[in-house]
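This is what each chain is made of:
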Amino acid sequence: LNDKYTDKVICVGRDRYDIATRMKYAGFDKKQIKIYENLSDAEEMIKEKSNGDIFAILNFDYVNPFNELMKEEL
Amino acid sequence: MTIHIAHLYYDLMNLYGEIGNIKALKYLLEQSGVKVVIDNLTKEDNINFNKYDILYIGSGTEDNQMLVLNDLLKYKDKINNYIEDNKFILATGNSVELFGKTINENEALNIFDYTSKKADKRIVGDVIIPYKNIKNKIIGFQNRESFIENNKYPLFNEELGVNYKNFYGTYIIGPILVRNPEFNKYLINKILKNKNKKFKSKNIDLKLETKAYNNYLKTYYGE
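Chains as they are written, first to last, in the numbering used here: chain A, 276 to 349; chain B, -3 to 219.
Among the hints, erroneous ones may be present.
Here are some chain B residues pointing at chain A (derived, C-beta under 7 angstroms) [claimed, not checked]:
| no. | residue |
| --- | --- |
| 1 | R118 |
| 2 | G121 |
| 3 | T215 |
| 4 | Y217 |
The calculated EDC-like cross-link candidates involving lysine to aspartate or glutamate, where the alpha carbons are at most 16 angstroms apart (straight line), are [said to hold, decoys possible]:
| no. | chain 1 | residue 1 | chain 2 | residue 2 |
| --- | --- | --- | --- | --- |
| 5 | B | K214 | A | D304 |
| 6 | B | K203 | A | D304 |
| 7 | B | K19 | A | E343 |
Honestly, the hints are just simulated from the structure, not real lab data.
Computed from a predicted structure; not experimentally measured.
Where a beta carbon is used, it is the ideal one built from N, C-alpha and C, also for glycine.
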């Protein structure tokens, strides 16, 4: 993931800071890591402030909500 | 100042994303103001112990653990001297077993007196345990099918780890250094002082790691 084509990583949910820490140690700059408590808080960042393809790595409980959120974008 | 790290058997003892310990060591050391050189070494590579300030070894399958043990046995005296010389070893997961007397019926490095045996059932679950040298408790995870006995040098407690001089071995995975910024900083300070007593470390930003640590305890344990 950490290459010139990835402009940001969006970490959402109850383990958001843990995931963000791992992204930091994977080499992402602090400015590239965006942290949100839930999907609705992250919606604007995902839909309006991201470019190109979005790759989602989701826990089971986030699959349906994420698909619902992105339905109109597909 | 340069700190040289050997990531031993990086390709054989590579379960559970434990390479995160190397990344966390590297990050904190660099933030402290030192250069870090990491050598990834494996079976049949020549390990030049004089070159390294830190040796790290992670978790592996039982088969790989035996492959590694057979390769490591030839270094037994050198590893013993390395430990007695106060140099650092961090061993996580089942690699801690390599340094004991036996692993089941197999002779291990015999640097410490503990023996490891297969458990009746797999030991899996969260760990939250105090550590005398830091304020915050250690958090992490266990996923193993063996245990150690006759551990004279406990780290955290007799079951979870071993600490003698600057040898730190623990069954705790997570990775422990990613999830426990205070413990990582504690180790880094010891490593830097061991290398150069006069070294002045830069300030390290651990806000995100600390938030992750606090958020975990609050979310899952209401602490």
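Status of the hints after comparison with the structure:
no.: 1; hint: R118; verdict: 23 angstroms, violated
no.: 2; hint: G121; verdict: 17 angstroms, violated
no.: 3; hint: T215; verdict: 5 angstroms, holds
no.: 4; hint: Y217; verdict: 13 angstroms, violated
no.: 5; hint: K214(B) with D304(A); verdict: 26 angstroms, violated
no.: 6; hint: K203(B) with D304(A); verdict: 14 angstroms, holds
no.: 7; hint: K19(B) with E343(A); verdict: 36 angstroms, violated
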